[in-house]
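Could you build all of it, start to finish, from the sequences and the hints given here?
Numbering (full-length UniProt numbering), first residue to last: 1 to 452.
The reader is advised that the hints may include incorrect statements.
Derived SDA-like pairs: lysine to any residue, alpha-carbon spacing no greater than 20 Å straight-line [as the list claims (entries may be wrong)]: (1) 231 with 218; (2) 400 with 377; (3) 178 with 241; (4) 178 with 215; (5) 241 with 196; (6) 241 with 170.
The hints are simulated quantities; they were obtained by calculation from the structure and are not laboratory data.
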Amino acid sequence: MASLLLRGLRSAGRRAFAYNSTPSPVVFPLHRWHFASPSPFRHFSAASVSPVFTADAASAGSSLDPSRLRNVAVIAHVDHGKTTLMDRLLRQCGADIPHERAMDSISLERERGITIASKVTSITWNDIELNMVDTPGHADFGGEVERVVGMVEGAVLVVDAGEGPLAQTKFVLAKALKYGLRPILLLNKVDRPSVSEETCNEVESLVFDLFANLGATEEQLDFPVLYASAKEGWASLTYTKTPADDNRNMSALLNAIIQHVPSPSANLDAPFQMLVSMMERDFYLGRILTGRVSSGVIHVGDRIHGLRCTSGVEKIDEGKVTKLMKKKGTNVVPIDSAGAGDIISIAGLASPSIGHTVANVEVMTALPTVELDPPTISMTFSVNDSPLAGHDGTHLTGGKIGDRLVAEAETNLAINVIPGASESFEVQGRGELQLGMFYFFFSIFVYISFII
1 MASLLLRGLR
11 SAGRRAFAYN
21 STPSPVVFPL
31 HRWHFASPSP
41 FRHFSAASVS
51 PVFTADAASA
61 GSSLDPSRLR
71 NVAVIAHVDH
81 GKTTLMDRLL
91 RQCGADIPHE
101 RAMDSISLER
111 ERGITIASKV
121 TSITWNDIEL
131 NMVDTPGHAD
141 FGGEVERVVG
151 MVEGAVLVVD
161 AGEGPLAQTK
171 FVLAKALKYG
181 LRPILLLNKV
191 DRPSVSEETC
201 NEVESLVFDL
211 FANLGATEEQ
221 LDFPVLYASA
231 KEGWASLTYT
241 KTPADDNRNM
251 SALLNAIIQH
261 VPSPSANLDA
271 PFQMLVSMME
281 RDFYLGRILT
291 GRVSSGVIHV
301 GDRIHGLRCT
311 SGVEKIDEGK
321 VTKLMKKKGT
331 NVVPIDSAGA
341 GDIISIAGLA
351 SPSIGHTVAN
361 VEVMTALPTV
371 ELDPPTISMT
381 FSVNDSPLAG
391 HDGTHLTGGK
401 IGDRLVAEAE
411 TNLAINVIPG
421 ASESFEVQGR
431 GELQLGMFYF
441 FFSIFVYISF
451 II
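Structure (structure tokens):
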């Protein structure tokens with residue numbers, strides 16, 4: 001009874017607010033991407049530069065004012081329209097989209113129609129820089145959500161208005177609430193004929209119950225609700241199927257993010273520290289480490305080192321920043337400096353990986369590492385001993401297989417690689433789909449046996 005009363009009061013208050021409030025006019029900022037060289041990231045398409053932007057994108061991307069930043073993760077159950085929503089947000093802010101599902105830059109993602117790896121990009125709206133993190137929706141790739149949710153201060157929870165909250169909705173929401181985020185609920189696909197206002201109210205009540213069951217605070221329970229059709233490219237503060245022509249855009253969602261997601265709490269005067277949440281490799285730049293700057297300011301040429309926390313703090317590498325980059329739309333922009341609260345990429349160190357701390361050389365304190373749920377299934381990779389052994393492939397020895405598996409485990413924290421007997425390696429993961437994708441990507445003609 002108490003839960004029903006709270007839901008009723010909350011819905012009534014929200015409808016009254018939506019009725020009495022009039023959205024302020026939106027000024028669309030125009031920027032132009034600027035590139036000194038082609039993008040070094042393999043996960044981003046080499047799309048042509050859009051003529052919509054202006055040459056000061058690099059300065060906009062390297063702002064040292066934390067109040068002009070918003071870090072947001074987009075979380076959802078698989079197939080609830082999250083990646084399509086990201087496409088519409090990028091287009092709304094003027095980014096050049098080379099194809100649909102632009103954030104799904106891995107070929108297998110586009111083939112299967114699901115997001116496999118978390119990716120970060122940034123867009124500018126009303127002079128505010130929005131660092132958006134696109135996350136997978138399938139439970140097998142939940143480790144991708146766990147390792148990036150700590151980078152953000154807010155989240156957009158996308159729920160299919162026809163299906164309601166499902167299994168992965170509970171998982172990603174639990175992670176967001178654990179980190180103290182106050183999600184924005186976006187009821188997507190309201191344009192479907194089967195979705196009515198009563199359906200949306202019922203789904204909202206189910207989401208409210210899910211929040212309560214997961215131990216949400218009173219502030220988190222008072223989440224804002226928007227209605228959208230990512231396929232048609234619009235979002236609204238009130239339920240509708242046919243918004244006015246001047247409202248058929250994503251302005252309502254972008255304004256809600258700026259209004260409800262707090263800016264990063266950052267100290268620019270403290271020494272530089274950053275927790276690595278993503279890692280990529282480049283043939284020219286080496287390791288490219290991506291993460292949220294926890295404190296301080298970093299410039300190209302600064303001396304930095306990598307730290308990891310085992311029994312104590314251990315220094316693992318030292319070098320200087322050879323390049324700073326920020327992901328903008330579907331491309332990468334080089335920047336000269338970045339401050340606390342921003343999400344950036346650094347090149348210059350050869351050893352640190354995900355979960356390690358990058359800091360100024362005078363800092364010897366490591367940031368807390370990412371906590372992941374344990375794996376649930378394992379798979380054994382070993383040297384091919386079939387009658388056709390040696391007929392195909394080049395990297396056929398146990399050492400080569402082990403090197404490749406260990407290298408992949410560095411970029412995917414949800415994968416554990418344990419050496420076994422007779423040149424075999426046990427690979428532990430979250431589920432059959434994850435390990436199936438893992439084998440598809442990285443198999444090198446080895447014999448495989450499943451251990452479930």
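Evaluated hints:
1. 231 with 218: Cα-Cα ~33 Å, so violated.
2. 400 with 377: Violated - the C-alpha atoms of residue 377 and residue 400 are around 23 Å apart, more than 20 Å.
3. 178 with 241: violated, 34 Å
4. 178 with 215: The hint holds at about 9 Å.
5. 241 with 196: With Cα atoms ~9 Å apart, residue 241 and residue 196 stay inside 20 Å; holds.
6. 241 with 170: Violated: residue 241 and residue 170 sit about 27 Å apart, past 20 Å.
Comparing the model with each numbered hint stated earlier shows that hints 1, 2, 3, 6 do not hold.
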